[in-house]
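Go by the hints and put chain Y onto chain V.
2 protein chains.
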Amino acid sequence: MLGITLNRQSAAPLKRQLYAQLKDAVTSGMLKSGEAMLSTRELSRDLGVSRNTVGEAYDMLIAEGYLLSRQGAPTRVAEGLRLEDRASGAPVKARPVQAVKFSFRTGRPDLRQFPRKLWLQAMRRSSENLAAEYYGYTGPQGLDALREEIAGWLFRTRGLNAAAEDIFITAGATHALNLACVVLGLSGRSILMEDPCHSGMLQTFRDRSCRIVPVPVDGHGMQTERLDGAPDIAAVYVTPSHQFPLGGILSAPRRAALIRFARENDAYIIEDDYDSEFRYGGAPVSPLVAADPLRVIYVGTFSKVLFPALRIGYAVVPRPLQKRWRVLRTHDDVQNPIFEQAALAEFMRARQLDSHIRKMRKLYGARRAVLLEALRASFGGAAALGDAAGLHLAVHFPGMIIDESFAKRCRAAGIDVTPVEAHCIDKGRHGSELLLGYGHLEPDEIRAAVLALREFMDLDK
Amino acid sequence: MLGITLNRQSAAPLKRQLYAQLKDAVTSGMLKSGEAMLSTRELSRDLGVSRNTVGEAYDMLIAEGYLLSRQGAPTRVAEGLRLEDRASGAPVKARPVQAVKFSFRTGRPDLRQFPRKLWLQAMRRSSENLAAEYYGYTGPQGLDALREEIAGWLFRTRGLNAAAEDIFITAGATHALNLACVVLGLSGRSILMEDPCHSGMLQTFRDRSCRIVPVPVDGHGMQTERLDGAPDIAAVYVTPSHQFPLGGILSAPRRAALIRFARENDAYIIEDDYDSEFRYGGAPVSPLVAADPLRVIYVGTFSKVLFPALRIGYAVVPRPLQKRWRVLRTHDDVQNPIFEQAALAEFMRARQLDSHIRKMRKLYGARRAVLLEALRASFGGAAALGDAAGLHLAVHFPGMIIDESFAKRCRAAGIDVTPVEAHCIDKGRHGSELLLGYGHLEPDEIRAAVLALREFMDLDK
Chain V
114 MLGITLNRQS AAPLKRQLYA QLKDAVTSGM LKSGEAMLST RELSRDLGVS
164 RNTVGEAYDM LIAEGYLLSR QGAPTRVAEG LRLEDRASGA PVKARPVQAV
214 KFSFRTGRPD LRQFPRKLWL QAMRRSSENL AAEYYGYTGP QGLDALREEI
264 AGWLFRTRGL NAAAEDIFIT AGATHALNLA CVVLGLSGRS ILMEDPCHSG
314 MLQTFRDRSC RIVPVPVDGH GMQTERLDGA PDIAAVYVTP SHQFPLGGIL
364 SAPRRAALIR FARENDAYII EDDYDSEFRY GGAPVSPLVA ADPLRVIYVG
414 TFSKVLFPAL RIGYAVVPRP LQKRWRVLRT HDDVQNPIFE QAALAEFMRA
464 RQLDSHIRKM RKLYGARRAV LLEALRASFG GAAALGDAAG LHLAVHFPGM
514 IIDESFAKRC RAAGIDVTPV EAHCIDKGRH GSELLLGYGH LEPDEIRAAV
564 LALREFMDLD K
Chain Y
114 MLGITLNRQS AAPLKRQLYA QLKDAVTSGM LKSGEAMLST RELSRDLGVS
164 RNTVGEAYDM LIAEGYLLSR QGAPTRVAEG LRLEDRASGA PVKARPVQAV
214 KFSFRTGRPD LRQFPRKLWL QAMRRSSENL AAEYYGYTGP QGLDALREEI
264 AGWLFRTRGL NAAAEDIFIT AGATHALNLA CVVLGLSGRS ILMEDPCHSG
314 MLQTFRDRSC RIVPVPVDGH GMQTERLDGA PDIAAVYVTP SHQFPLGGIL
364 SAPRRAALIR FARENDAYII EDDYDSEFRY GGAPVSPLVA ADPLRVIYVG
414 TFSKVLFPAL RIGYAVVPRP LQKRWRVLRT HDDVQNPIFE QAALAEFMRA
464 RQLDSHIRKM RKLYGARRAV LLEALRASFG GAAALGDAAG LHLAVHFPGM
514 IIDESFAKRC RAAGIDVTPV EAHCIDKGRH GSELLLGYGH LEPDEIRAAV
564 LALREFMDLD K
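Line by line, the protein sequences give chains V and Y. Taken in order, the first sequence gives residues 114 to 574; the numbers are from our numbering. Taken in order, the second sequence gives residues 114 to 574; the numbers are from our numbering.
These are computed hints drawn from the structure, not numbers from a lab. Please note that the accuracy of each hint is not assured.
Note that the list lumps identical chains together, so a pair holds whenever it fits in one copy or between two copies.
[Claimed, not checked] Cut-off 27 angstroms, straight-line C-alpha distance, at most; resulting in silico cross-link-like pairs (BS3-like, lysine-lysine): (1) 540 to 521; (2) 475 to 230; (3) 472 to 145; (4) 145 to 128.
Just chain V, with the same shape it has in the complex (with noise of 0.2 angstroms):
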């Protein structure tokens, strides 16, 4: 209880300064309704006082209802004595959240059939058997059992040959994209991006003070006849296997035209595979590190197959910049926490991976056709843009004037929708396209937020 000082020059006794002191602790909150006290015994030692004097001003406080005493209990604080001041301005909140009746908003899972009880068990077993050294420092890297584990995952899923040693854990693909801007040194560099991208990434590429260079999207993704020379490229950022936000996959022209482009400026390739597990036809889709392990660094993550809160994904490092990568995960966050990635490793091993994205994948194919539907029966003329892929569909409405206003105005009306345009780095060219994210959404929600879209477009008009 080191928030108590007691100032024995002062005429005040000491029973009078602590009783004072904890008196304000309780009506500022600090001591919170319900919280056991230190017993006498305790505190008297930490303040170098005499157990008496704590005992008397605890009677005082009892007396006068700030503190409850029961016998053979720990003494608490009464309840609802916290007296609210926040002289120094009131905190700074989040906003509120409107109220959304309907949400399609993107990279969502549907966390209500994540198999949470078989996540506890495997989270169980894994922790249960963690010897005290796992407690310490385990590596920058991440766990062997874990990178095993990835390693002939992507194979099986990807036909990817990453050895363990190549694949490094990350606090998710954002985190990934943190580093390898570190590690590539993109400060102050060009960096081409596909446009529309991400722009949750886009802006982690400009916090890190990257200079930006779009390279437009059609159907097959980043239009690789259009790159050209722009000063210091250091690198390309791409999402090849599932195009983000707009659905293509990069075609295999385009992909040795990326490969042969970088290696002419000597730049890298950042890999973003952020939701390839779900492909609902269709041949399987190679990752671009398979074609030049030295000058691609693959991202992916577990947040949209598993869930956003695990804070796990990886990075497949060509290794010349590994012991870079090493020194450099120190220096930024040390590690990633061991219990989930035991429990992920465990999960992994146990198959469970596996069949969740094998469930998940039906689930997710049969509500996109249920969207697809839906959309056809109240919109006759929207098109739907990409491959049969992901969590979210793009959608093209011919004529309509989809920007930051609509999504503003279908938001108020309760509809939460992202216009591509958000996505855009230079305005004005998809000011027609909207994504719809359907993965988080059963199937009569599905088609209840369509017809209320509609609506809304009709009395918008």
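Just chain Y, lined up with the frame of chain V:
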């Protein structure tokens, strides 16, 4: 099993292609010994081929001993078939650790004493009650319940009156410093640092392109008399409650001088309170932030009081900086994972953190006494520096040269020590001082390590 790509135009029958590719996967180790194969039904569906095709390929592999089949169990990969080929060069491995017989490393809590059972119970209790929504994005500031607990704890242990709204959870102290760098815009600007200071933290600021301005340290912390107007000073980094590594407490007049200096230069103070929990006597030290909450970012971590692999720290952030902190954290690594946060909140709520610290303070205090006694017995003239606190001791050995070369020879003899010089910015001023971490060592280990050090020094002359 997307690792398999079948070519329907090829002259080779599909079952043959499948057989060959699965065989490669086994010998390359991508399919691991003992791993369960998909069922023929599952794999045929994945590949879009008949179940027969898969069955025949499996049969060939079983016949040749690549796969093992047993009645009523999944077909598995046989043992010992992996061929080693690392055509892309040997992986860059972390350096092999030298055999350490006596480790005086600093910053290592005694993990053997950590109540793992109680922790796992807290983790179980907290995770079992976690609703589905907590598996989603829960916000860049951290779990409410945890911030409430930290607020109460800061008050109980340091007398610090910080509201939960002003507390920001981070992935440890290093991570908090990184965020502070960005929030304060330190890149390219000057930061004053204690000299010596923690070399890891120094590197963190260097990685963020800060200009480092050293300020010498004595037995009472940073020599504020020697602060002067380096150009463009944006921040001062200090460890006022227990200077790292020399152990002094920043004196009251220097605290006042430091805050005056910061105000005059419109600079922020970053206060790192890295192990103030472990004080073995003397008056409690009140944090600097209490004196000027608008000018100080107060940083703490649970790595030392609990365990390093937890990766939870916190910052008390001045209100004008809070919005920016939230946005930047989102684009840095989004948020902390959920399970450690929930477990720590529960561990604190049950007052297990308090009792753990109480127990460890007693234990570490006793070990410190053992180390002092052993040093007295073996090295009459050696003098301990700093305040009675923390997990390590800084010791002055009159007349000795203690530099990187000394440490190297010492480590070669199996004794891991750190010269104070390793943490110096301007070298050459602390060349007779050694850091001896004792927190993780039992009394007998301490005595044996001191004897070994004495013996090494005698031979090394």
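Do the hints match the structure? See the list:
1. For the identical chains of this complex, residue 540 and residue 521 are intra-copy neighbours only, at 17 angstroms inside a copy versus 59 angstroms across copies, given an alpha-carbon limit of 27 angstroms.
2. Only within a single protomer do residue 475 and residue 230 lie at most 27 angstroms apart by alpha-carbon distance; the minimum there is 21 angstroms, versus 40 angstroms between protomers.
3. Taking identical chains as interchangeable, the C-alpha atoms of residue 472 and residue 145 lie at most 27 angstroms apart only when they sit on different chains, with a minimum of 24 angstroms there against 46 angstroms within one chain.
4. For the homomeric pair residue 145 and residue 128, the shortest alpha-carbon distance inside one copy (21 angstroms) is at most 27 angstroms, but the shortest distance between copies (70 angstroms) is not.
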